[in-house]
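J.: Top line first, the protein sequences correspond to chains A and B. Using my numbering, the first residue of the first sequence is number 1, and each one after it goes up by one. Using my numbering, the first residue of the second sequence is number 1, and each one after it goes up by one.
Do not rely on the hints blindly, as some may be mistaken.
Treat identical chains as interchangeable: a pair holds within one or across any two.
Think about it this way: if two alpha-carbon atoms lie no more than 30 angstroms apart in a straight line, the pair counts; the simulated DSS-like pairs of lysine-lysine are [stated by the list, open to error]:
(1) Lys158 with Lys44
(2) Lys158 with Lys312
(3) Lys312 with Lys54
Quick caveat, the hints were computed from the structure, so don't treat them as lab data. Remember, it's a predicted structure, so these values are computed and weren't measured experimentally.
There are 2 protein chains.
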Amino acid sequence: MAQASKVTIVEVGPRDGFQMEKTFIPTESKIAIINTVARSGVPKIEAASFTSPKAIPQMRDAQAVMEGIERRPGSAYTALVPNLKGAQLAISAGVDAIRVVICSSEAYNQRNVRMSVAESLKTCEEILQTGRAASTAVEAVVALAFGCPLEGDIAEEKVVELTRRLAEMGYREISIADSAGLANPAQVQRLMRRLVREFPDVHFSMHIHNTRGLGLANVLAALEEGIDAFDSSLGGLGGCPVVPGARGNIPTEDLVNMLEEMGVETGVDVEGVMVASRVAQEVLERTLPSYVLAAGTRQQLYRNIEEREREKSVTR
Amino acid sequence: MAQASKVTIVEVGPRDGFQMEKTFIPTESKIAIINTVARSGVPKIEAASFTSPKAIPQMRDAQAVMEGIERRPGSAYTALVPNLKGAQLAISAGVDAIRVVICSSEAYNQRNVRMSVAESLKTCEEILQTGRAASTAVEAVVALAFGCPLEGDIAEEKVVELTRRLAEMGYREISIADSAGLANPAQVQRLMRRLVREFPDVHFSMHIHNTRGLGLANVLAALEEGIDAFDSSLGGLGGCPVVPGARGNIPTEDLVNMLEEMGVETGVDVEGVMVASRVAQEVLERTLPSYVLAAGTRQQLYRNIEEREREKSVTR
Numbered sequence: 001m002a003q004a005s006k007v008t009i010v011e012v013g014p015r016d017g018f019q020m021e022k023t024f025i026p027t028e029s030k031i032a033i034i035n036t037v038a039r040s041g042v043p044k045i046e047a048a049s050f051t052s053p054k055a056i057p058q059m060r061d062a063q064a065v066m067e068g069i070e071r072r073p074g075s076a077y078t079a080l081v082p083n084l085k086g087a088q089l090a091i092s093a094g095v096d097a098i099r100v101v102i103c104s105s106e107a108y109n110q111r112n113v114r115m116s117v118a119e120s121l122k123t124c125e126e127i128l129q130t131g132r133a134a135s136t137a138v139e140a141v142v143a144l145a146f147g148c149p150l151e152g153d154i155a156e157e158k159v160v161e162l163t164r165r166l167a168e169m170g171y172r173e174i175s176i177a178d179s180a181g182l183a184n185p186a187q188v189q190r191l192m193r194r195l196v197r198e199f200p201d202v203h204f205s206m207h208i209h210n211t212r213g214l215g216l217a218n219v220l221a222a223l224e225e226g227i228d229a230f231d232s233s234l235g236g237l238g239g240c241p242v243v244p245g246a247r248g249n250i251p252t253e254d255l256v257n258m259l260e261e262m263g264v265e266t267g268v269d270v271e272g273v274m275v276a277s278r279v280a281q282e283v284l285e286r287t288l289p290s291y292v293l294a295a296g297t298r299q300q301l302y303r304n305i306e307e308r309e310r311e312k313s314v315t316r
Numbered sequence: 001m002a003q004a005s006k007v008t009i010v011e012v013g014p015r016d017g018f019q020m021e022k023t024f025i026p027t028e029s030k031i032a033i034i035n036t037v038a039r040s041g042v043p044k045i046e047a048a049s050f051t052s053p054k055a056i057p058q059m060r061d062a063q064a065v066m067e068g069i070e071r072r073p074g075s076a077y078t079a080l081v082p083n084l085k086g087a088q089l090a091i092s093a094g095v096d097a098i099r100v101v102i103c104s105s106e107a108y109n110q111r112n113v114r115m116s117v118a119e120s121l122k123t124c125e126e127i128l129q130t131g132r133a134a135s136t137a138v139e140a141v142v143a144l145a146f147g148c149p150l151e152g153d154i155a156e157e158k159v160v161e162l163t164r165r166l167a168e169m170g171y172r173e174i175s176i177a178d179s180a181g182l183a184n185p186a187q188v189q190r191l192m193r194r195l196v197r198e199f200p201d202v203h204f205s206m207h208i209h210n211t212r213g214l215g216l217a218n219v220l221a222a223l224e225e226g227i228d229a230f231d232s233s234l235g236g237l238g239g240c241p242v243v244p245g246a247r248g249n250i251p252t253e254d255l256v257n258m259l260e261e262m263g264v265e266t267g268v269d270v271e272g273v274m275v276a277s278r279v280a281q282e283v284l285e286r287t288l289p290s291y292v293l294a295a296g297t298r299q300q301l302y303r304n305i306e307e308r309e310r311e312k313s314v315t316r
């Protein structure tokens, strides 16, 4: 499988990142961060989660966020939903696409949505139909695909079987998620190679957590299997609800930097993402874990060399 | 080129990490950290740098460190040297091997050792002869091989030419260093593929800085070109003297974790490395940037699941 020359970045900081924050982020701050990151050219933004305000109080303003944001042409604004009610709310709020999550782990699915995996599969079918009736795209996320903090290792066969059920229902866009950051590059290569071969009608993307620092190495392994769409979060926002000390998703600026440096097109301006991360740092009053945000890009470093040279020649 | 099934980890925290610390680390603390990390099974440790105490005051106790450490059978203790005098001191101190640095960038070589690259090449020849006379192994490090904060991009041809000169002198062990963390996986693949092909008699290792978070992705790219030896530093100690905000080398525990999870043998006990990193954290009074140190390994997470299950069954 040839490596893609163009990759789609899906910014999930406003959903996966924000929902890990204990202090409520004011709606206008959420909107400011989303609008700022959209201006960097990110083609797809997971802007909110339509879920129970009791389960995730941070996401209780999902509708207000969707109403308040600019809809930049060229960016699709999506939402994550746990169930049919969430899907209906997301459609009413005018999202461009819905993402529904189903876990490869029975224990985690119960914890996440209080349903068995079999019940979640039924929900996935209902949501797909609801989306079709409303002409809203529906995508599935197969979570905990590489290991689970509650169950341990996840058999590859389980992920393949869940994917098969979703594909048979009609899902054509499926995200394979390493929700607990347990994947390694060899495992990513094996599973993604198998999925791409067995389901040629499905477009796969990946959602990789950086819990053990393997995020970008796992992206590289997936790229080599032809995967061309990845979630990431501005500044590396996020964490893991069951792994203390865990950092979050792959930082968007680090992912964009790696891809662009390799000659893979993203259409995203890395410095624009860094502007959004700085806004987020001000709002959250802490430093985010992105490497590029801290050290700058190669281009920024080399611009400094040029400036020093110019200053020298002016002084002379 | 087939991926190696066994990889050599070279622990450089006691040299590349410590020398970035502004406050002098007491000799006994240096020794304690080196002894602790050696017990994890690391086969090679860069224990000190024999350089001018004025240039790098942190390394002024190199001889005392070499005298004070345990020499664990199975671990080789090496030292970095900038010049012939350093090589002589290192040999007297009883190192198992000497590493001499030469920069791909003329400007950085001047900054680093106040010599031109041509002068450094002569020094490399003298040091190789000195080492041979003393039956001490000598290795070369080609630094700034992927870009330079002073000169900008480094032509591949320059690195190939320096390697050729070193190989002609008789160097058989050469480390290719991304000293400023400017490499990307595509660039690593191109350069290492070329070097491995053009110099079949040389054994190459790599020294990769994690400045832009690409450390492990670059290791993965190099692995795929058959490279089987990598530097790393416990806890991710280190930084960059000319890039403010830059983090250091690849954390040893993160590298060992990736390789072992992929089924690549290192002979290093990742939890043993974490013990050394915690000692270093106490000595330096700050948190080190390793991911695995913060979040634990997959095995540690799964042991917690087992413990919870055992507790449940005891309670029942």
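J.: None of the hints should be skipped; say for each whether it holds.
T.: Results of checking the hints against the structure:
no.: 1; hint: Lys158 with Lys44; verdict: within (28 angstroms within a copy, 41 angstroms between copies)
no.: 2; hint: Lys158 with Lys312; verdict: between (63 angstroms within a copy, 26 angstroms between copies)
no.: 3; hint: Lys312 with Lys54; verdict: between (61 angstroms within a copy, 28 angstroms between copies)
In the structure shown, no violation is registered for any of the earlier numbered hints.
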